[in-house]
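Engineer: Sequence:
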Amino acid sequence: MALHTWLAFLLACWVISLSPGAGAIASMAAGLRHGFWHGYWNAIGLQVGLALQIAIVAAGVGALLATSQLAFTLIKWFGVAYLVYLAIRQWQAPPMDLTAASGQAVTRPLALVVRGFLVNASNPKAVVFMLAVLPQFVDPQKPLLTQYLIIGATMVTVDLIVMAGYTGLAARVLRLLRTARQQRITNRVFASLFIGAAALLATVRRAVV
3 MALHTWLAFL LACWVISLSP GAGAIASMAA GLRHGFWHGY WNAIGLQVGL
53 ALQIAIVAAG VGALLATSQL AFTLIKWFGV AYLVYLAIRQ WQAPPMDLTA
103 ASGQAVTRPL ALVVRGFLVN ASNPKAVVFM LAVLPQFVDP QKPLLTQYLI
153 IGATMVTVDL IVMAGYTGLA ARVLRLLRTA RQQRITNRVF ASLFIGAAAL
203 LATVRRAVV
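Residues in the sequence shown are numbered from 3 upward in steps of one, following our numbering.
I should point out that these hints are in silico values taken from the structure, not numbers from a laboratory.
Predicted, not measured: the structure shown is a model, and the values here were computed from it.
Even for Gly, the Cβ is constructed at its ideal location relative to N, Cα and C.
Do not take every clue at face value.
So the derived label-pair ranges between C-beta atoms look like this [as the list claims (entries may be wrong)]: (1) I187 - I152: 39 to 45 Å; (2) A113 - W93: 15 to 21 Å; (3) I187 - L151: 43 to 49 Å; (4) T75 - L9: 22 to 28 Å; (5) T181 - A61: 33 to 39 Å; (6) A73 - L9: 15 to 21 Å.
Starting from the given sequences, assemble the full structure and let the hints guide the process.
Structural biologist: Structure below.
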């Protein structure tokens, strides 16, 4: 991959990652609930899901989602259902005792990794989007595997940095939430954001080709 092509792709990665979406909401919710270091396991899961999406596009399977209404619809509604599930969990989350062991982990790291993975993996719009965007940065005359490895490493690295920012920002907010009422309000705000993300995903339609 030529340097100027990679720099253009790097810029695109920052724009894509910084755009608020389900991943950003999940990262902030994890940081708010668990603090930065424990909550960041969610971001690791997001990257596993992102890597899977890139692999799907590289393997050409993304074309199936772009052309198959059934495959697209099944994955889309799974994603909608999962975001609604996260919204319910966030809404019902009990206030934490921040004066006693505020850094105590209540969710296992693996559970947060799986949660982040499902948020990204259940979004067919992202696969179709990458199917439309990534080939523009790929030179078909050169080894494809190497190029997709560079693309994947770039996207994952940028997204890890951005999600660290979202997680850390929410974790700092955690220190300001001293009362149960404040925590309930914040949890319900994030629950509403998850519902909003689910509603947006529900409106996504497969592009006619």
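Engineer: Against each hint, give a clear statement of whether it holds in the structure.
Structural biologist: Structure-based check of each hint:
1. Taken as a hint, the range 39 to 45 Å holds for the pair I187 and I152, whose Cβ atoms sit roughly 44 Å apart.
2. Roughly 18 Å separates the CB atoms of A113 and W93, a value that falls within the hinted 15 to 21 Å.
3. Taking the beta carbon of each, I187 and L151 are about 44 Å apart, inside 43 to 49 Å as hinted.
4. A hinted range of 22 to 28 Å is violated for the C-beta pair T75 and L9, which are about 37 Å apart.
5. At about 50 Å, the beta-carbon gap between T181 and A61 misses the expected band of 33 to 39 Å.
6. Taken as a hint, the range 15 to 21 Å is violated for the pair A73 and L9, whose Cβ atoms sit roughly 34 Å apart.
The structure fails to meet hints 4, 5, 6 from the earlier list, while all remaining hints are met.
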